[in-house]
Amino acid sequence: MIEEGKKIILFDGVCNLCNDSINFVIKRDKNDVFRYASLQSEIGKKLITERNINISKIDSILLIDPSVAYYYKSTAALHIAKQLSGIYPLFSVFFIFPRFFRDWIYDIIAKNRYKWFGKKEACMIPTPELKALFIDQKN
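Everything in the sequence shown is counted per the UniProt record's numbering, starting at 1 for the first residue and increasing by one.
Treat the hints as calculated values from the structure; they're not laboratory data. There's no promise every hint is true.
Unchecked claim - No more than 27 Å apart at the CA atoms, straight line, and that leaves these computed lysine-lysine pairs for DSS-like:
no., residue 1, residue 2
1, Lys45, Lys111
2, Lys45, Lys6
3, Lys57, Lys82
4, Lys6, Lys30
5, Lys45, Lys119
6, Lys57, Lys45
7, Lys27, Lys82
8, Lys115, Lys45
9, Lys115, Lys30
10, Lys120, Lys57
11, Lys119, Lys131
12, Lys111, Lys57
13, Lys82, Lys131
14, Lys30, Lys111
15, Lys27, Lys131
16, Lys46, Lys111
17, Lys82, Lys111
18, Lys45, Lys82
19, Lys6, Lys82
20, Lys6, Lys46
21, Lys46, Lys131
22, Lys120, Lys46
The structure displayed is predicted, hence computed values, not measured ones.
Whenever a hint applies, use it, and build me the whole structure from the sequences.
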């Protein structure tokens with residue numbers, strides 16, 4: 001079900017900002033590092049439960065690195081950026097700021113994401129050419 005060596009990004013499947021962010025990552029994931037699933041999917045819930053993550057307290061994107069652990073909020077976003085092509089790995093300079101500060105900014109955006117960017121009625125359905133990247137879309 002989950003390809004060996006792939007990192008998994010769990011995201012809010014009904015959030016427009018989150019969906020746009022995933023599309024952004026897909027276009028810049030030139031080394032094919034990531035696979036994706038919505039937090040609301042069965043596989044997303046299973047991965048969360050297996051790791052005893054209390055999603056109600058995190059309200060965040062999750063990056064699961066099977067060889068290490070998992071990351072959330074700003075730490076997940078920065079670890080994702082490090083893997084992308086282009087200038088995005090340079091964003092890892094923001095690791096110099098304490099996590100509480102980075103997460104404070106992240107939380108402001110997360111708290112307002114539906115108000116600012118909107119919300120879908122259902123999780124996104126990837127196009128046929130992208131379906132293989134989404135572990136919650138596989139049979």
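Query raised in the report: Straight-line Cα separation of Lys27 and Lys131 no greater than 27 Å?
Result: It holds: about 14 Å lies between the C-alpha atoms, which stays within 27 Å.
Report task. For the pair supplied as a hint, Lys57 and Lys45, confirm whether the alpha-carbon distance does not exceed 27 Å. Result -> 15 Å, holds
Query raised in the report: Quick one, are Lys120 and Lys57 close enough, alpha carbons at most 27 Å?
Result: Holds, at about 22 Å.
Requested in this report: With a cut-off of 27 Å on the C-alpha distance, tell me whether Lys45 and Lys119 pass.
Outcome: 20 Å, holds
**Report entry** Agreement of Lys119 and Lys131 with the hint, judged by alpha carbon distance not exceeding 27 Å
**Finding:** OK: Lys119 and Lys131 at ~21 Å, within 27 Å.
**Report entry** Restraint check for Lys45 with Lys6, where alpha carbons must lie at most 27 Å apart
**Finding:** 18 Å, holds
**Report entry** Given pair status - Lys46, Lys6, alpha carbons within 27 Å
**Finding:** 17 Å, holds
Query raised in the report: Between Lys120 and Lys46, is the straight-line Cα distance small enough, at 27 Å or below?
Result: 23 Å, holds
Query raised in the report: CA of Lys46 to CA of Lys111, is that 27 Å or under?
Result: OK: Lys46 and Lys111 at ~24 Å, within 27 Å.
Query raised in the report: Does the alpha-carbon distance linking Lys82 and Lys111 stay inside the 27 Å limit?
Result: Within the cut-off at roughly 25 Å; holds.
Query raised in the report: For the pair supplied as a hint, Lys45 and Lys111, is the alpha-carbon distance within the 27 Å limit?
Result: 21 Å, holds
Query raised in the report: Has the given pair, Lys6 with Lys82, been kept, meaning a C-alpha gap of at most 27 Å?
Result: 15 Å, holds
Checked against the numbered hints given earlier, this structure breaks hints 9, 14; the rest are met.
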